[in-house]
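Novice: For chain A, the structure is supplied; the task is to place chain B on it using the hints.
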Amino acid sequence: MRKVLLPHTSEELWEVLRAEPQAAVYAGGTDLLVKLRQGLVDPSCLVCLERIEELKGVQEFGHEVFIGACSTHAYLLANPIIRSNFPVLTKALELLGSPPIRNMGTIGGNICTASPAADSLPPLYVLEAEVEIRSKNTSRRMALKEFIQGPGKTSLQPGEIVSGIWVKKAPGYNLYHFEKVGQRKALAISIASLAGLLRASEKGVIEEARFAWGSVGPTIITSPEVEKALVGNRLSRPILEKAACLARSAVEPIDDIRASGEYRRLVSGNLMVRLLTLQREVCH
Amino acid sequence: MPSDRRVIDILREDLNLTGTKEGCGAGECGGCTILVDGESRLSCLMLAAQLEGRSVTTIEGIASEDRLHPLQEAFVEHGAVQCGFCIPGMVLSAVDLLQRNPNPTRMEIRQGLSGNLCRCTGYQKIVDAVKAGALKIK
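Protein sequences appear in the order of chains A and B. Read in order, the letters of the first sequence are residues 1 to 284 in my numbering. Read in order, the letters of the second sequence are residues 1 to 138 in my numbering.
So that you can see chain A by itself, here it is in the shape it has in the complex (with noise of 0.2 Å):
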């Protein structure tokens, strides 16, 4: 049997993970639990961090909202804040699992399970996120791209937990655009996504641009090139056919259960056509 803890606190928190360092920390358990139940993993006690109130919820500071790691992505999905600054990150996560599934999982575990195809990661990618680690003694901040190593892997030390994660109000981005590619429509792991923002001036013309690809590559892929190739120019066919080539070599996508390599390479490609034919939505 293995040991259960629920700490309430974050003082609490940091006293189980001294006490049981092997501990297997988890928010929703809609990841560690199907590891578990596959016996991919076997710890000896797992701590659960769905108590620990000051975890959750979204604080605004300016011009920078800090998101608490234990939000559920149901909670952030009915958050006035969330919804009005990033709605890129919104339509993610309307798109991601299922009901149930955004009433247990949070942010932060989206985050530390650091699946390249987790859904909430190329919104934050674009919108250039910091994560917020947090020990007993220290606390750090990092840009997210640079937290996330490679497939399940991140630069989590022991008795470390992701607190929160940091998003700066983007201003000046008036077009978003996010679309996932799966086997359904929901409870679906992506084969390849797509997160972009941009600025379009009154004319259409491109101003500024940042996309971020997910089930691509061994983390999020992003690419200068692409975004270079958009600027300047309206999104017209020939401009986002030259940008889908450049994001087709960009990508590194592998072949497994879900889909092949050269099927996610093509649809990189033409998940960037799919900007002029598909909602490309307005931010206020």
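Just so you know, the hints here were simulated from the structure itself, not pulled from any lab data. Remember, it's a predicted structure, so these values are computed and weren't measured experimentally. Glycine included, C-beta positions come from ideal geometry on N, C-alpha and C. Do not rely on the hints blindly, as some may be mistaken.
Covered stretches of chain B (chain A as the covering partner; in silico rule of three or more C-beta atoms under 8 Å from a C-beta of chain A) [as the list claims (entries may be wrong)]:
{"#": "1", "region": "20-29"}
{"#": "2", "region": "43-52"}
{"#": "3", "region": "56-66"}
Specialist: Leaving out everything else, chain B in the frame of chain A:
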């Protein structure tokens, strides 16, 4: 009771509440859906310790003493049940949906039930039933 016992096992094995089904054990089918403090959760991905202080509603808990829940009546009336395996999860997800959105469109019903897979019905009659159930509840 071991604190790492899965909630679905507590319900089915310890409490003999076999209405909640295990379709996949991995959170991908919704057959194990229950309500915890009124919100839909997957009991195959919850551990006993997490239930402390929480109220749990299973499919056995939504009918009243002398009558099925309006949603259950609607499922029966609209032919939404074939093998029945997905139905407890479907009904409880629908209960959660209607609590939050008492008058959903067909699209909103599909999205609200998107965590519950059915291999028999093709979903149309399930959506009909939830639409009708919403009216009954009002």
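Novice: Next, verify each hint and record whether it holds.
Specialist: Quick rundown of the hints versus the structure:
no. : hint  : result
1   : 20-29 : holds (count 5)
2   : 43-52 : holds (count 8)
3   : 56-66 : violated (count 0)
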